[in-house]
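Undergrad: Read in the numbering used here, the sequence shown has 132 at position 92, and its numbers run on one by one without any break.
Hints are computed from structural coordinates only; laboratory data are not their basis.
Heads up, a few of these hints could be off.
Straight-line C-alpha distance at most 16 Å; calculated EDC-like pairs for lysine to aspartate or glutamate [as the list claims (entries may be wrong)]:
#	residue 1	residue 2
1	Lys-50	Glu-122
2	Lys-50	Glu-152
3	Lys-50	Glu-138
4	Lys-50	Glu-135
5	Lys-50	Glu-178
Pair by pair, the computed Cβ-Cβ distance ranges are [to be verified]:
#	residue 1	residue 2	range
6	Gln-54	Gly-132	19 to 27 Å
7	Val-108	Ala-186	32 to 40 Å
8	Glu-77	Ala-186	17 to 25 Å
9	Ala-153	Ser-107	19 to 27 Å
10	Glu-77	Gln-54	19 to 27 Å
11	Gln-182	Asp-118	37 to 45 Å
12	Pro-104	Arg-149	35 to 43 Å
13	Leu-64	Met-41	16 to 24 Å
14	Ala-180	Leu-64	20 to 28 Å
15	Ala-124	Ala-82	21 to 29 Å
16	Thr-170	Lys-62	34 to 42 Å
17	Arg-52	Asp-118	20 to 28 Å
18	Pro-104	Ala-186	41 to 49 Å
Every residue, glycine too, gets a C-beta built ideally from N, C-alpha and C.
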Amino acid sequence: MDVTFYFNVKQREQALCQLVGKALAQRLSVNVLAASERDAHALDRLLWEVPQTGFLPHCAADDPLASVTPVVVDHRADLLPERAALFNWTDGVPEGHERHARILEIVDRSEEARERARQRWRAYVALGITPTAVDMLELAAQRQQAQA
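Start from the sequences and build out the full structure, keeping to the hints where you can.
TA: Set out below in structure tokens:
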């Protein structure tokens with residue numbers, strides 16, 4: 041299992057939309073696990089609004105079109121179909137994590153978010169999973185240097 045933490049993210053929601061968009065561009069189907077029904081509805085609205093020139097096709101896990109929709113957003117982990125990746129939008133290791141080959145964690149810059157991410161990191165390690173960290177500030181700096 042591959043677990044990747046994207047940290048030092050300026051805007052977590054924006055990063056989610058960008059990463060989901062990249063997955064769709066690669067013709068991958070993904071799940072987004074929300075912590076609650078309320079959070080799932082907020083993510084649903086977000087994916088309709090970002091990017092502003094379009095939307096990221098998505099639905100809930102119990103929607104009749106879930107099997108043919110590239111992005112499934114739900115708070116019920118047990119209903120999520122098998123997909124290429126799972127974006128974890130909860131504060132813990134996702135229920136049923138073993139069903140996913142890849143889990144992505146997006147961590148903003150707040151100390152509270154960073155501490156919750158550290159707890160999840162330790163929980164993954166306790167399960168025998170070695171996560172990978174991607175520093176988005178460092179990645180952005182590298183891209184700027186490459187363009188200069």
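Undergrad: Compare the structure with each hint and give your call.
TA: Now for the hints, and whether the structure bears them out:
no., hint, in the structure
1, Lys-50 <-> Glu-122, "30 Å, violated"
2, Lys-50 <-> Glu-152, "14 Å, holds"
3, Lys-50 <-> Glu-138, "29 Å, violated"
4, Lys-50 <-> Glu-135, "27 Å, violated"
5, Lys-50 <-> Glu-178, "12 Å, holds"
6, Gln-54 <-> Gly-132: 19 to 27 Å, "23 Å, holds"
7, Val-108 <-> Ala-186: 32 to 40 Å, "38 Å, holds"
8, Glu-77 <-> Ala-186: 17 to 25 Å, "42 Å, violated"
9, Ala-153 <-> Ser-107: 19 to 27 Å, "33 Å, violated"
10, Glu-77 <-> Gln-54: 19 to 27 Å, "23 Å, holds"
11, Gln-182 <-> Asp-118: 37 to 45 Å, "39 Å, holds"
12, Pro-104 <-> Arg-149: 35 to 43 Å, "39 Å, holds"
13, Leu-64 <-> Met-41: 16 to 24 Å, "22 Å, holds"
14, Ala-180 <-> Leu-64: 20 to 28 Å, "22 Å, holds"
15, Ala-124 <-> Ala-82: 21 to 29 Å, "23 Å, holds"
16, Thr-170 <-> Lys-62: 34 to 42 Å, "23 Å, violated"
17, Arg-52 <-> Asp-118: 20 to 28 Å, "25 Å, holds"
18, Pro-104 <-> Ala-186: 41 to 49 Å, "45 Å, holds"
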